[in-house]
Amino acid sequence: MSYAPIEALARELADLANRVDPAVADAVGDRALDAVGLADEAWQLPSPLGSVWVARSRRGVSYLCPHELDEFTSEFRARTGRPLRVRAAGEADPVLRQAVAGADGRGLEVDLRAVTGFQREVLEAVREIPAGEVRAYAEVAELVGRPRAVRAVGTALARNPVPLLVPCHRVVRTDGSVGQYALGPAAKVALLRVEGVAVP
Amino acid sequence: MTDPLARRLAEDLDDAFPALVRQHTPLLVAVLRRSGAGSAAEDLTQETLVRAYRALVGYPPERVRALHVRAWLVAIARNALRNHARDEGRRPRSDARPHGRVEAAAELGLGARPDGTEAIVDGLVDGEALLAALDELDPVRRDAVVLRHVAGLPIAQVAAELGVPVGTAKSHVSRGLSALRTRLGPEGPQGGQR
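Chains as they are written, first to last, in this note's numbering: chain A, 1 to 200; chain B, 1 to 194.
It should be emphasised that the hints constitute simulated quantities derived from the structure, not laboratory data.
Be aware that a few hints might be false.
[Said to hold, decoys possible] Pulled from the structure, derived: some chain A residues nowhere near chain B, Cβ distances all over 10 Å:
1. P5
2. N18
3. L49
4. C65
5. V86
6. R159
7. S177
8. V189
[Stated by the list, open to error] Distance condition first, Cα-Cα at most 20 Å in a straight line; then the derived SDA-like pairs of lysine to any residue:
9. K170/B x A10/A
10. K170/B x E91/A
11. K170/B x R87/A
12. K170/B x R11/A
13. K170/B x P5/A
14. K170/B x A14/A
15. K170/B x A8/A
[Claimed, not checked] Output of the computed footprint for chain B on chain A, the stretches with three or more beta carbons under 8 Å from beta carbons of chain B:
16. 28-41
17. 73-85
All residues carry an ideal CB built from backbone N, CA and C; glycine is no exception.
Next comes chain A alone, as it looks inside the complex (with noise of 0.2 Å):
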């Protein structure tokens, strides 16, 4: 007969928060954080890219994602930490629908508590490019005070919470080909081709 040791037993009783089913504890989390008002606002809206799910918290848009509802839902979730509450299409403010179907959205507020630092300025300075214009990537490095910054940039743009509403596709390389977009190249092409940029 042995009996177990002492360590092993507070080992596994320190243990016991890490195999609280995950799902469990998400969802309730989810519901607390909705009880108590911080769960954004999420609505799904035509755009330029087809349908895309938009999230909104008090301070602006929050996130902006042509994915699946729950997709949409758990990647908003490990970016900022907050529930959606799904409302009908219906009830959007006409400014933000607007804005997601291609009108100038500079008016609109935008969240981007959820990036920080440089990348935040990135997208700050990005979101100032007017329709129907593009700047390099190298030019945005120089725009944030950052010449040498160029692939940071790249990276930074591929995390935008918000895009169309911070306008990443205008953003193209030096040479005038459109390069990378985190929703792929052909829907760079498309929407730079409606805003009337002549694209190779």
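Following the hints, put chain B in place on chain A, whose structure we already have.
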């Protein structure tokens, strides 16, 4: 030493509160389950978090900055559990029931195996037997063990929470662990023969 989360809560409550929820929810569920809440543990966790938010809204920033967040949440959870137990006591038997073997296994991430036995948690202690042994402890010792080892509170806070001197709290923890070891003993490490 300031808890970085407490500092963030003091600076911008609405921005930092989701981080508190994601960081501490599993611990609160585990502590409440092991403190006799049974199937009410999830609802009581939600209630704890809502109460915590409402309290934080009213606290001055210097009070928030000084919080030991985990210990403070565990205290709120125990308070919610006491109120719940009192309300349950006034009511005829409801759906509150102790955790059964199936729930305990699910909680450990174990499914029943096709042959009807349960898998055994890696390590020296049979996880399911541990939960059962914990649930059978004398409640004062169980609470002491849960606060000290599941919640990870310093012994002074365990004592404050139990309303006893530090020496008494230490003794409850140590006797609780010994009792657990004795209960798990005959089965032995690795769960022995099943």
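A quick look at each hint next to the structure:
Annotated as non-interface, P5/A brings its C-beta within 10 Å of a C-beta of chain B; the closest such distance is 7 Å. With a least beta-carbon separation of about 7 Å from chain B, N18/A fails to lie farther than 10 Å from that chain, contradicting its non-interface assignment. For L49/A, the condition that its CB be more than 10 Å from all CB atoms of chain B holds, with the nearest at approximately 28 Å. Non-interface status of C65/A relative to chain B is upheld: no Cβ of that chain comes within 10 Å, the nearest being about 19 Å off.
No beta-carbon of chain B comes within 10 Å of the beta-carbon of V86/A; the shortest separation is about 18 Å. Distance check on R159/A: its Cβ is at least 19 Å (rounded) from any Cβ of chain B, clearing the 10 Å threshold; non-interface status holds. No Cβ of chain B comes within 10 Å of the Cβ of S177/A; the nearest lies about 39 Å off, and the non-interface call holds. The claim that V189/A lies off the interface holds: its Cβ sits roughly 37 Å from the closest Cβ of chain B, which is beyond the 10 Å cut-off.
In summary, the hint linking K170/B to A10/A is supported, as the alpha carbons are separated by about 14 Å, within the 20 Å threshold. Between the alpha carbons of K170/B and E91/A the distance comes to roughly 58 Å, so the proposed pair goes past 20 Å and is violated. With a CA separation close to 52 Å, the supplied pair K170/B and R87/A exceeds the 20 Å bound. At roughly 18 Å between alpha-carbon atoms, K170/B and R11/A fall within 20 Å of each other, so this suggested pair holds.
Between the alpha carbons of K170/B and P5/A the distance comes to roughly 18 Å, so the proposed pair stays at or under 20 Å and holds. Restraint check: the Cα-Cα separation between K170/B and A14/A comes to about 17 Å, which is no more than 20 Å; the hinted pair holds. Using a Cα cut-off of 20 Å, the hinted pair K170/B and A8/A holds, with the two alpha carbons roughly 19 Å apart. Given as covered by chain B, the stretch 28-41 of chain A passes the check, having 8 residues with a CB less than 8 Å from a CB of that chain where 3 are the minimum.
Under a criterion of three residues with beta carbons nearer than 8 Å to beta carbons of chain B, the stated coverage of the stretch 73-85 of chain A is upheld, 3 such residues being counted.
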